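Let chain A serve as the given structure and place chain B on it in line with the hints.
Protein chains in written order, with the working numbering: chain A, 1 to 395; chain B, 1 to 395.
A few of these clues could be false.
Given that identical chains are not distinguished, each listed pair holds provided it fits within a single copy or across any two copies.
To be verified - Dumping the calculated PhoX-like pairs for lysine-lysine here, alpha-carbon to alpha-carbon at most 20 Å:
id : residue 1 : residue 2
1  : K200      : K268
2  : K113      : K200
3  : K335      : K113
4  : K248      : K113
5  : K332      : K265
6  : K113      : K332
No wet-lab data here; the hints were simulated from the structure. Bear in mind the structure is a predicted one, so any value in this text is a computation, not a measurement.
Protein chains: 2
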Amino acid sequence: MALPLADTDTISTFDADGRVLAEDLISSLDVPGHDNSSMDGYAVRSADLATNDVLQVTQRIPAGSYGHALEPLAAARIFTGAPIPPGADTVVMQEDTEALTERASVRLLNVPKAGQWIRRQGEDVARGTVVLARGQQLSPAALGLAASIGFDQLQVTRPVRVALFSTGDELVMPGDVAPADMLPGAIYNSNRFFLRAMLKRLGCEVTDLGIVPDRLDATVQALAVASLQHDLILTSGGVSVGEEDHIKPAVQTLGELKLWQLAIKPGKPFAYGRIQSSSANPFAHFIGLPGNPVSSFVTFMLLVRPFVLKLLGVTQVEPHAMTAVAQFSWPKADKRREFLRVRQLAGGGLALFENQSSGVLTSAVWGDGLVDNPPGQTIAPGDEVRYIPFSALLS
Amino acid sequence: MALPLADTDTISTFDADGRVLAEDLISSLDVPGHDNSSMDGYAVRSADLATNDVLQVTQRIPAGSYGHALEPLAAARIFTGAPIPPGADTVVMQEDTEALTERASVRLLNVPKAGQWIRRQGEDVARGTVVLARGQQLSPAALGLAASIGFDQLQVTRPVRVALFSTGDELVMPGDVAPADMLPGAIYNSNRFFLRAMLKRLGCEVTDLGIVPDRLDATVQALAVASLQHDLILTSGGVSVGEEDHIKPAVQTLGELKLWQLAIKPGKPFAYGRIQSSSANPFAHFIGLPGNPVSSFVTFMLLVRPFVLKLLGVTQVEPHAMTAVAQFSWPKADKRREFLRVRQLAGGGLALFENQSSGVLTSAVWGDGLVDNPPGQTIAPGDEVRYIPFSALLS
Chain A
1 MALPLADTDT ISTFDADGRV LAEDLISSLD VPGHDNSSMD GYAVRSADLA
51 TNDVLQVTQR IPAGSYGHAL EPLAAARIFT GAPIPPGADT VVMQEDTEAL
101 TERASVRLLN VPKAGQWIRR QGEDVARGTV VLARGQQLSP AALGLAASIG
151 FDQLQVTRPV RVALFSTGDE LVMPGDVAPA DMLPGAIYNS NRFFLRAMLK
201 RLGCEVTDLG IVPDRLDATV QALAVASLQH DLILTSGGVS VGEEDHIKPA
251 VQTLGELKLW QLAIKPGKPF AYGRIQSSSA NPFAHFIGLP GNPVSSFVTF
301 MLLVRPFVLK LLGVTQVEPH AMTAVAQFSW PKADKRREFL RVRQLAGGGL
351 ALFENQSSGV LTSAVWGDGL VDNPPGQTIA PGDEVRYIPF SALLS
Chain B
1 MALPLADTDT ISTFDADGRV LAEDLISSLD VPGHDNSSMD GYAVRSADLA
51 TNDVLQVTQR IPAGSYGHAL EPLAAARIFT GAPIPPGADT VVMQEDTEAL
101 TERASVRLLN VPKAGQWIRR QGEDVARGTV VLARGQQLSP AALGLAASIG
151 FDQLQVTRPV RVALFSTGDE LVMPGDVAPA DMLPGAIYNS NRFFLRAMLK
201 RLGCEVTDLG IVPDRLDATV QALAVASLQH DLILTSGGVS VGEEDHIKPA
251 VQTLGELKLW QLAIKPGKPF AYGRIQSSSA NPFAHFIGLP GNPVSSFVTF
301 MLLVRPFVLK LLGVTQVEPH AMTAVAQFSW PKADKRREFL RVRQLAGGGL
351 ALFENQSSGV LTSAVWGDGL VDNPPGQTIA PGDEVRYIPF SALLS
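Extracted from the complex, chain A is given alone in its bound form (with noise of 0.2 Å):
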């Protein structure tokens, strides 16, 4: 449903911390590209070491310096990651040695066994090797690895360009109505900052349309306007099957829509579809997500972000998930798979929010992840359960 976009970016490696690469990067050395010391010492060959414990320092061989062939009875002071110069096959480290007569030659103390503390040439990449695959997401790591084999630019897929409302008339903006001064019925929009913040965890251009009133007409003009610039429209708020509700007749009017018609809790209303534009975009995706702030949250970890990676070209969209045991009881089976908001206790094991109620967003700040609970599951103290912690589902 969701194919990556075609175009990219060649950004500078320094810049592209979370992007997605859009080319496989095949290293064109080894690395290290000789073997190295992996330790401040002595660089020797270990056939002398069986009839001497003292050896003479022939040359000093600093990182960034390359030594020459070790003669026999000799020693080179080396340097962590300065090559091993012919002829030796070992490391002493220095801690291992005692300097004899101002340096010029060195006593053992321990006898090394031969090959120690020589990185080999290749181990960490071996030239020809595909080092990070196109659609993979970049970490910090993969950017040092990047670096380490000379690429100071990447080849990424673009950010997925994102027109965000609301919908609601019950809706107040933060700073335009002080708390003392809100109308019965009126609340603040809090879906809109997470709903912002969560988009830019995943590189999105997010252009913010605000609120858009409870009306047929004005929800049609909205998604016409969001559906030029834009691969994705998201919506919050509007797709229940009341009166009130005009995502889906809008979104009707425009392209098509598309129910998921997915038995989770929370986030049971839900809706896709696709929005012709006139513009050089064949289409917008259309993703509305219900208006309660924990099952627009929710639903969004759960739906919206591996649709977002999807369109990036992200080849690994699944979560991390794992094994937790529940130090909670949940007596109620639901016929939906819910997705309980809990928490890591530091003796091991979860804790659950009391409030479970999709309104409340105080269960998603306190909690630390979701259990993901199959239908008709009850869950009792001590029973294993799978965990998928919010650091594995905002980025």
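Chain B only, in chain A's frame:
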């Protein structure tokens, strides 16, 4: 050792993802502000339902508006989020009703439980509650929660200013020399890339001073410049005991050096100090990381991250660790506490990256976390181990 910075910024709640609260946020309202419907349907008096299954529809309450007192034997058409009118005590879901005579009356197909489908005033947040506490790092959900009680601006600690440089004459910047032209012993600087990315993920303002030559005078000069406008000077390389390692004497020239004698692997060479500054800053913290990429990467996550979070005033700096099952052998115990690069398997449990050498950055890309293995401990398949996912260590 790391006292929180005193300065704060007041910023839009929209821009506060990842920042750290410098104030307690106290709610001056109840959320929800009134009892309201959690469904589209009809608000009714539960006492009526014992004898009647058809009620007159006498009012219509969309979200954002407010009804009037509900008469006996009447129902109010109500939408999700709208306030429950006085007199009503229960909501019947639309799906459980049948509209009659052009919606002038409604038949109830199921008798609901009294009190059903109502979100209670203050259920999410009670007036006067500390909703978010000073020292909390703000997540997307926390921004939503702050907005839900009317905060459009937040007081947060200012970013940590970090000066970053690498030492090592063997280091070459990618882009400066093509892979085919690399001299023996030369390696690309990779640490600079992941250290910058990790500092940015922590919200730091980074001044990148590049690669400093392996000379004492150059190192002293770089530290002196860095100490002027920064809270923290972070270096990689040059902290071993070798003669080519000038970081420690340079720090001692300008301030005081304290070694953190940490028996961890990777990451043994590690230094902490303070450098006096002639500016308004009383001093700059100094942290010297090892030059090996994996050592640098791991010690950043284990030691620099919590240090920066403490400077930001974060109260909870420990990463979330969890218990997981090893699907590998680690037959050789080390006297140091080891941090092994591992990856979660689809079927559960952890796999080990074959090459745990500290020069091998591929382990940090292949892996998705660390096993924290105590000194002297071997691991057999099936053993429970302490696992820390990278996702918990990178923000």
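To see whether the hints hold, each was checked on the structure:
For the homomeric pair K200 and K268, neither the shortest alpha-carbon distance inside one copy (25 Å) nor that between copies (37 Å) is at most 20 Å. Taking the shortest alpha-carbon separations for K113 and K200, neither the intra-copy value of 52 Å nor the inter-copy value of 43 Å comes in at or below 20 Å. With identical chains, the CA atoms of K335 and K113 are at most 20 Å apart between copies only, with a shortest distance of 19 Å across copies and 64 Å within one. Neither within a single protomer nor between protomers do K248 and K113 lie at most 20 Å apart by alpha-carbon distance, with minima of 73 Å and 31 Å respectively.
Only within a single protomer do K332 and K265 lie at most 20 Å apart by alpha-carbon distance; the minimum there is 13 Å, versus 47 Å between protomers. Taking the shortest Cα distances, K113 and K332 sit within 20 Å of each other only across copies (16 Å), while inside one copy they are farther apart (63 Å).
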